[in-house]
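Let's have the full structure, built from the sequences with the hints guiding it.
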Amino acid sequence: MTTEASRHPLASLPRLPSGAGSVGLLFVALLLFWLAVNFVKTPADFVEVFLIGITTGCVYALVALGYTLVYGILELINFAHGDVFMLGGMVSATLAVSWGLEAGQASLWPLVILILLISMAFCGLLNATIEFIAYRPLRNAPRLAPLITAIGMSFILQNIALAWKGPNYVTAPDVLPTGDVFSIGGVSYTWNKLIVVLITVPVLLALVWLVQRTRQGKAMRATAQDRDASAIMGINVNRTISFTFLIAGALAGSAGLIYALYVTTVRFDQGFQLGLIAFTSAVLGGIGNLPGAVLGAVLIGLVQAFNEGLGWHTPGSDWTQSIVFSILILILVFRPEGLLGEQTPEGG
Amino acid sequence: MSESPPEQPRHVETRGAAPEVGYRNRARAAWHSQSQERRWAIVIGAELLLAILLGLPDTSLGIGVALVAALFWLPKVTPIPWRLVAEAAILAIAGAIAGAGKAPWSLPFVLAIAFAAWWIPTRYRRWAIPLLVILAVVFYPFYLQRLFEMPLFGPFPDQSTAVVMLVFIMMAVGLNIVVGYAGLLDLGYVAFYAMGAYTAAWFASLQFAEHTWHFGAVGVSPTLAGFHVSIWLLLILAALLTAMTGVLIGLPTLRLRGDYLAIVTLGFGEILPQVARNGDNFFGTGFNLTNGPNGITPIDSPGWGNRISDATGGFLPSNYLQCCDRTLLGHQVSSADVFFWTALVLLGITVFCSLRLRDSRLGRAWVAIREDETAAAAMGVPLMRTKTWAYATGAFFGGIAGAYYGSFKSATFPGDFFFNISVFILCMVILGGMGNVWGVIVGAAFLSYLDREGLANTGSWINSNINIGGWHPNIDVPLYASGIYGAIILIVMLFRPEGLIPSRRRAMEFHEGVHDEPLYDSTGS
Numbered sequence: 063m064t065t066e067a068s069r070h071p072l073a074s075l076p077r078l079p080s081g082a083g084s085v086g087l088l089f090v091a092l093l094l095f096w097l098a099v100n101f102v103k104t105p106a107d108f109v110e111v112f113l114i115g116i117t118t119g120c121v122y123a124l125v126a127l128g129y130t131l132v133y134g135i136l137e138l139i140n141f142a143h144g145d146v147f148m149l150g151g152m153v154s155a156t157l158a159v160s161w162g163l164e165a166g167q168a169s170l171w172p173l174v175i176l177i178l179l180i181s182m183a184f185c186g187l188l189n190a191t192i193e194f195i196a197y198r199p200l201r202n203a204p205r206l207a208p209l210i211t212a213i214g215m216s217f218i219l220q221n222i223a224l225a226w227k228g229p230n231y232v233t234a235p236d237v238l239p240t241g242d243v244f245s246i247g248g249v250s251y252t253w254n255k256l257i258v259v260l261i262t263v264p265v266l267l268a269l270v271w272l273v274q275r276t277r278q279g280k281a282m283r284a285t286a287q288d289r290d291a292s293a294i295m296g297i298n299v300n301r302t303i304s305f306t307f308l309i310a311g312a313l314a315g316s317a318g319l320i321y322a323l324y325v326t327t328v329r330f331d332q333g334f335q336l337g338l339i340a341f342t343s344a345v346l347g348g349i350g351n352l353p354g355a356v357l358g359a360v361l362i363g364l365v366q367a368f369n370e371g372l373g374w375h376t377p378g379s380d381w382t383q384s385i386v387f388s389i390l391i392l393i394l395v396f397r398p399e400g401l402l403g404e405q406t407p408e409g410g
Numbered sequence: 020m021s022e023s024p025p026e027q028p029r030h031v032e033t034r035g036a037a038p039e040v041g042y043r044n045r046a047r048a049a050w051h052s053q054s055q056e057r058r059w060a061i062v063i064g065a066e067l068l069l070a071i072l073l074g075l076p077d078t079s080l081g082i083g084v085a086l087v088a089a090l091f092w093l094p095k096v097t098p099i100p101w102r103l104v105a106e107a108a109i110l111a112i113a114g115a116i117a118g119a120g121k122a123p124w125s126l127p128f129v130l131a132i133a134f135a136a137w138w139i140p141t142r143y144r145r146w147a148i149p150l151l152v153i154l155a156v157v158f159y160p161f162y163l164q165r166l167f168e169m170p171l172f173g174p175f176p177d178q179s180t181a182v183v184m185l186v187f188i189m190m191a192v193g194l195n196i197v198v199g200y201a202g203l204l205d206l207g208y209v210a211f212y213a214m215g216a217y218t219a220a221w222f223a224s225l226q227f228a229e230h231t232w233h234f235g236a237v238g239v240s241p242t243l244a245g246f247h248v249s250i251w252l253l254l255i256l257a258a259l260l261t262a263m264t265g266v267l268i269g270l271p272t273l274r275l276r277g278d279y280l281a282i283v284t285l286g287f288g289e290i291l292p293q294v295a296r297n298g299d300n301f302f303g304t305g306f307n308l309t310n311g312p313n314g315i316t317p318i319d320s321p322g323w324g325n326r327i328s329d330a331t332g333g334f335l336p337s338n339y340l341q342c343c344d345r346t347l348l349g350h351q352v353s354s355a356d357v358f359f360w361t362a363l364v365l366l367g368i369t370v371f372c373s374l375r376l377r378d379s380r381l382g383r384a385w386v387a388i389r390e391d392e393t394a395a396a397a398m399g400v401p402l403m404r405t406k407t408w409a410y411a412t413g414a415f416f417g418g419i420a421g422a423y424y425g426s427f428k429s430a431t432f433p434g435d436f437f438f439n440i441s442v443f444i445l446c447m448v449i450l451g452g453m454g455n456v457w458g459v460i461v462g463a464a465f466l467s468y469l470d471r472e473g474l475a476n477t478g479s480w481i482n483s484n485i486n487i488g489g490w491h492p493n494i495d496v497p498l499y500a501s502g503i504y505g506a507i508i509l510i511v512m513l514f515r516p517e518g519l520i521p522s523r524r525r526a527m528e529f530h531e532g533v534h535d536e537p538l539y540d541s542t543g544s
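Those protein sequence lines, which keep their order, are chains C and U. So the number in our numbering is just where the residue sits in the first sequence, counting from 1, plus 62. So the number in our numbering is just where the residue sits in the second sequence, counting from 1, plus 19.
Calculated directly from the structure, the hints in this document are not laboratory data. Be careful, since some hints might not be right.
[As the list claims (entries may be wrong)] Which stretches of chain C does chain U cover? Using the computed rule of at least three CB atoms under 8 angstroms from a CB of chain U, they are:
(1) 202-208
(2) 381-390
[What the hints assert, rightly or not] Far from chain C, by Cβ distances over 12 angstroms, these chain U residues were calculated:
(3) Ile112
(4) Thr284
(5) Ala330
(6) Ile485
Built from N, CA and C at the ideal position, the CB exists for glycine as well.
Here it is as structure tokens:
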């Protein structure tokens, strides 16, 4: 049995030569310099973009947590997760349209909460079903096999959405209030951004409570640490894994609702792209690490917002995807355990 | 339909869960607990039912399904004379269909050749059957016009479609080296394809019009602006450049474990097309590398030039586009024919290299790494170097295929290099059988045909023939191509992970399980 530190799948990777570390530091220093210059040039824009980044990061965090939960317990990259999120967004958008949600309506918030619960339940069950169909039969196969079925599953889900809604954007009603929460020196913080945070934070707290404080959470942590030993201890491993997928799917469902209401458009192929970004966030924070996923997601949200919003020497939104993937590659090469990766999976 | 003895799944290692995990193994166990007669009766019954169901809207499809099913059952007709009788019966039915004018005479003819090939003694079959297949493929343009139309899938592909199919087969064989031999999941193979296509585009088009440099190009005026290098040299250059890209991508990332490697290659596969899309104006510097979303077009076509063409008596055409004003065996040789034969030669080289590599020291090292990294490293296999070679070799063939395709299509667009293509090629490898070149070729031929023509034809068949109580479906089948590939991947991985034509060794790995726990401490090179 290996020690806890080297148990992490990537922790014991041989270190690169020390020169690589200073290159990385130089890179970070350049990045900070670039941010500082942008801040001095246009402080109001900078803060505004920063707030947008935090909001985007919240959505990413909910999706990234799903990747990290599943990876922690099965060491499997669930490629289909982004598409589960997308289907959650579509279900939410469809319900919001068919129930005729309108901004300022008296029964708006109970309905939004109801849609949130439906979307979470739908995505949770969907994710657990995917595990049952596509991953569980391959648990003893070579480890690339479930990864390949995950890709297949992702394509199938995309096409289900395509068959359901067609290739165009599905529009959700724009119901979130857009008034200012505060406005200081040209920087305004709007209600819709705050609401995204207000929905995300309780969900995150509930997740932390679930994993850290409940019996089921303890079973999840035990299964993540050692599947054989937890089976011996009387934990139903299959049910625990199903439960983890259920929780991960529910998080994706909540992200789907938030995305549908905040961005107001969903398309069948958006889930895969956003899923990759969220996966990058999870790797950035240290995959298998719950606080790390949130931190990584917020950082990636900020990177995206800065790249698309700032004025001085920014590559622009054409390059966002490339930048995010470059971060992914750099992290995997230079610090594969992620920013907070030294902890054991599942935050335990 | 191969009948293996009832086998208990053997697991080297069971991690926590019971050995019989999931519905799949339960179904398999239930199936094998039936008696053989019963299983055969069920299968024959299902096939008859399918043939009747499909035959109701379209009689030829029902007959086709029954015919294919009968072909699969033929080897089971054990006393040899009876098989002869069965074959004669099938031939008689096919002849009757042809005689009634429902199908061309090529149908019984093809069947007769296939049956004859089956009777070749085992001793000669080893080289006779490949020879027959090669002959059939080489002479494909000559008899294409006379071939029968397949039910459901429509007519056989014409030469231009066949060129595209051959290019995709080449890429699948290249990817097979990475995924099948070395067991490294590469989700960004499209990057190599793009690299090859853009190499051809840069050095054989008007893209860099400020320079004028000609080297062996045919079919363009000697004063035309831009680089114009002979396509044959460009194929090699593209292959080398792409292999170098493969090494550059591989060196930092191949230390990562399988699934991380997959995601990093996916990242590269997404970055390179984005560079191609945005590369018409790099960060506002005005440097136009890739001409952005408009792509680079036209690209010069291949050709051997007048001197070589005359020296070979016109056998090697001087310019592929203006080819050819001569007939061969009563067949007017067209430009597409020449492209087809050239692609065939390139594929032949690829397959030859792939097979020789598989049996080489390097190939055995790949297989060793795939099966057990720890043991391979302990036996002195340098992990990094071996993996990098797999990567570079796979990329090499992807580069050739990309450059040839660019020259054939005379254009390259960033939209051709989506992630879907990577998965599409991966799907070919998985469907055919990871690690088995012949399986991969069959899988790639089938899927690329589906992609180019088959799906559209199937869609129109479904929409025009299915009528359930007055309800006609109106499904745009090609729109759901990626979903169909996803379903193929899923079903194959779940129920026959070794693919249609498996390599025996790979099948054993899938059924017995392997130790591929991560290993990082022994990345010697």
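Evaluation of the provided hints:
Coverage of the segment 202-208 of chain C by chain U holds. Counting CB-CB distances below 8 angstroms, 6 residues qualify, and the rule asks for three or more. Here's how the segment 381-390 of chain C fares: 6 of its residues keep a CB closer than 8 angstroms to some CB of chain U, so the rule of at least three is met and the hint holds. Distance to chain C confirms U:Ile112 as a non-interface residue, since its nearest Cβ pair spans about 38 angstroms, more than 12 angstroms. Non-interface call for U:Thr284 relative to chain C: violated, since the shortest CB-CB distance, roughly 10 angstroms, does not exceed 12 angstroms.
A cut-off of 12 angstroms between C-beta atoms confirms that U:Ala330 is not in contact with chain C; the least separation is 49 angstroms. A cut-off of 12 angstroms between C-beta atoms confirms that U:Ile485 is not in contact with chain C; the least separation is 17 angstroms.
Violated hint: 4 only; the structure is consistent with all others.
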